[in-house]
Every structure is written in C-alpha cells, then in structure tokens.
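Trainee: Sequence:
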Amino acid sequence: MEEGNSSFKYSDLAKLQKEHDEKMAAIKELKKKREEMKLQLSKNNISEEKKETFRKLTEKYQKMNDEYNSLLG
1 MEEGNSSFKY SDLAKLQKEH DEKMAAIKEL KKKREEMKLQ LSKNNISEEK
51 KETFRKLTEK YQKMNDEYNS LLG
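For the sequence shown, the numbering used here gives the first residue as 1, with consecutive numbering after it.
Listed next, the in silico SDA-like pairs over lysine to any residue satisfying Cα-Cα at most 25 Å (straight line): (1) 33 / 21; (2) 18 / 60; (3) 32 / 69; (4) 43 / 55; (5) 18 / 63; (6) 9 / 71; (7) 15 / 68; (8) 31 / 54; (9) 38 / 48; (10) 38 / 65; (11) 31 / 51; (12) 23 / 33; (13) 63 / 22; (14) 15 / 62; (15) 32 / 52; (16) 38 / 54; (17) 50 / 29; (18) 18 / 29; (19) 56 / 67; (20) 32 / 42; (21) 60 / 29; (22) 43 / 30; (23) 43 / 57; (24) 63 / 17; (25) 28 / 57; (26) 51 / 63; (27) 43 / 29; (28) 56 / 69; (29) 31 / 56; (30) 32 / 50; (31) 9 / 70; (32) 63 / 29; (33) 23 / 38; (34) 15 / 66; (35) 51 / 41; (36) 28 / 56; (37) 31 / 42; (38) 23 / 58; (39) 32 / 56.
To be clear, the hints were calculated from the coordinates, so they are not data collected in a lab. Just so you know, these numbers come straight off a predicted model, no measurement behind them.
Put together the whole structure using the sequences plus the hints.
Mentor: This is the structure in structure tokens:
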C-alpha cells in the first residue's frame, strides 16, 4: 500500500470523525431541548403553538438521529 493512500484514508477518517462529533453534539443539544420542552409541556396548559414547536423539534431530532445511525451503518 502506498503512503499516499493511507494518508488519504486518514484524512477521510478524520473528516468523518469531525462530522460524527458535530452530529453527536447537535443530537445531544436537540435531545436536551426536547426533554426540556416535554417537561414544560407536561407542567403547563399546552397551547397549539407549543405543541407544533415540540412536534417540529421532535422531527428534527429524529432526522438527525437517523442521519447519525446511517453514518454508523
């Protein structure tokens, strides 16, 4: 194997690792916001606007989680 190929693979791996770390951080933040919203909604009388916000946040979290899982897969 040529040295050039291994450094190319290493740079690809580093790029994927960075992308993975960024997606994990985003997923973690969305999960935190989702849990906060869930708690807030359970405590208060829920308006339709808050329900819609929660639904959108949940969809965004699920989409990012699916992207992360496909990256691993």
